[in-house]
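Protein chains: 2
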Amino acid sequence: MPGEFELIARHFTRPVRRAAIESSPGTQRVALGVGDDCALLNVTPGMQLAVSCDMLVEGRHFLSTVAPERLGHKALAVNLSDLAACGAEPLAFTLALALPRADDAFLAPFAQGLYALADAHGIELVGGDTTAGPLNICITVFGQVPAGQALLRSGARPGDELWVSGTLGDARLALEAFRGRVVLPGEAFETVREAMERPQPRVALGRALRGLATSAIDLSDGLLGDLGHVLRRSGVGATVNVDALPRGAVLATMPQPLQHECLLAGGDDYELLFSAPAQAHAAVQAAGVAAGVAVHCCGQLDAQRGLRVVDGDGRPVATPWHAFDHFL
Amino acid sequence: MPGEFELIARHFTRPVRRAAIESSPGTQRVALGVGDDCALLNVTPGMQLAVSCDMLVEGRHFLSTVAPERLGHKALAVNLSDLAACGAEPLAFTLALALPRADDAFLAPFAQGLYALADAHGIELVGGDTTAGPLNICITVFGQVPAGQALLRSGARPGDELWVSGTLGDARLALEAFRGRVVLPGEAFETVREAMERPQPRVALGRALRGLATSAIDLSDGLLGDLGHVLRRSGVGATVNVDALPRGAVLATMPQPLQHECLLAGGDDYELLFSAPAQAHAAVQAAGVAAGVAVHCCGQLDAQRGLRVVDGDGRPVATPWHAFDHFL
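Sequences listed follow chains P and U, in order.
In terms of this note's numbering, the first sequence is residues 1 to 328.
In terms of this note's numbering, the second sequence is residues 329 to 656.
Chain P with its partners taken away, still in its complex shape (with noise of 0.2 Å):
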């Protein structure tokens, strides 16, 4: 069986583009990349460093029937996620493995699927770990944003509309159909299947609303959920019209119940959830195109707290959910 830094080196060392430390210090983001104690990255000057970590846990985060390419795109596109709802530009990032053992069937497309993410936005693996244990993957990402313009939860006002990404409720539909709930036709479910298995992070949206989005947070725990952080940093309520919420095509045929509650509390969409003042509707639909994805505006932010779900009517919706919690 192979050992840690043979695995290591098998999977994960990429020969090109190592720049050696001392001949151009500050020209390259990654001035020196795996095999050392620490990398070195130049961060540009009067940009802040942007970072965030997130953990995934078999049977919490994937299934166990999930292709490790598929996986490898999801460990490291949930956390460009958070460098897209911050507006910054990614620049690496570092991978903790645990495996129950050296398995290079699960680890080379793994390791392929993850590279061709970090090759779209042009990032490089720059350290890790690896270790025997339960399956673990721990992905800590870097990026940078120009000082003090970094979308935060904490900006919404009341006469913002609220705006959401792409399409909801795929992934949480997924779930249900894995857990024997709902029945798809199989191509029906290999449409949801992929949007709960290959998330597209919105980099690129999130650095076209700078300046534009008064706050901003990555849809993970479901609408409702990450919402209500927005409202609770930014001491405003909101009303959001679910009729407004984009979906998609197969979601739209399923009974209304289930379409609400994957659409507002479903989770592991990889959206980006943002306000921004009514007076830049368009700049903001401009950003979407800009960037390639679709934007909906979905509600708006009140002075009166709470949080007031309402069909196309001005209806209440009921919405007996809880945000999805990892330990519930």
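No wet-lab data here; the hints were simulated from the structure.
Given the structure is predicted, the values throughout are model-derived calculations rather than measurements.
Keep in mind that the hints are not guaranteed to be accurate.
[Said to hold, decoys possible] Some, not all, of what chain P presents toward chain U, calculated at C-beta under 10 Å:
no., residue
1, Leu32
2, Asn42
3, Asp82
4, Ala85
5, Thr131
6, Ile139
7, Thr140
8, Gly237
9, Asn241
10, Ala244
11, Val310
12, Asp311
We put the CB at the ideal spot given by N, CA and C, even for glycine.
Once you've looked at the hints, dock chain U against the given chain P.
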């Protein structure tokens, strides 16, 4: 049972030292701490960011018998040790934690041990993740070092002296006592157990060695294995005098073969192994004094490739062990 957010809030959110990002960007190291999608850090202009990441798994990196306070200490200490080996000044860290259950009796002392060491180094927890799952602790640590001045594994040169800090082998001796291979009187056991469970990262020494040491690495997998990384990276060989390796009073009473095994292949030492030109001998000793830790010259680097272990009379010493590997 408390939920994920409550758990994080109770044990890992400290209200002090949070700075509004808008107020004075660039003036504080941590512009935004726990509680948003990302933390925001200010890296001093002219400095490079140093990043390291370690994952700790029960049975591999710690025993189930460890007190949670000591585990909190050690989880951060092994990461700070990587910064020390680069000569970096610690800035902040993230913590991802998988726990079988939300357990205050574990988390309160764990956080206490963690924060005590963080406070000793003036650094802050800036983000992380908590989830249910088999116990797993993943910390990523951030430091900064003047551009081009980081201590690397690759700079050792033939003729350099080889140095080590502190004492070696006690952590391995404690492990052998836990395994029942050796029996130690109570006080002696507590002494070596503390070495295993409360390692002291040599951060001050690492910084003092900038501009003096030609290479450095922290000793986590045993001297022979870790020195091997330096030799490969630097393209040199080495001769180590086992009689010159510093050891504590307990280990010094053990049979010589066990002493050699603990000193040369022990692991979990978290001391610094470094090289420096012979003419810097007095300056290295002064750096040790300034940093408050003993440093010992224990060998030299050779143009001839390979790793030779000898005793004080220059006679070859047998080394029948392998470097510690987390998959072996």
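We went through each hint and held it up to the structure:
{"no.": "1", "hint": "Leu32", "result": "holds (7 Å)"}
{"no.": "2", "hint": "Asn42", "result": "holds (6 Å)"}
{"no.": "3", "hint": "Asp82", "result": "holds (4 Å)"}
{"no.": "4", "hint": "Ala85", "result": "holds (4 Å)"}
{"no.": "5", "hint": "Thr131", "result": "holds (4 Å)"}
{"no.": "6", "hint": "Ile139", "result": "holds (9 Å)"}
{"no.": "7", "hint": "Thr140", "result": "holds (4 Å)"}
{"no.": "8", "hint": "Gly237", "result": "violated (19 Å)"}
{"no.": "9", "hint": "Asn241", "result": "violated (24 Å)"}
{"no.": "10", "hint": "Ala244", "result": "violated (24 Å)"}
{"no.": "11", "hint": "Val310", "result": "violated (26 Å)"}
{"no.": "12", "hint": "Asp311", "result": "violated (29 Å)"}
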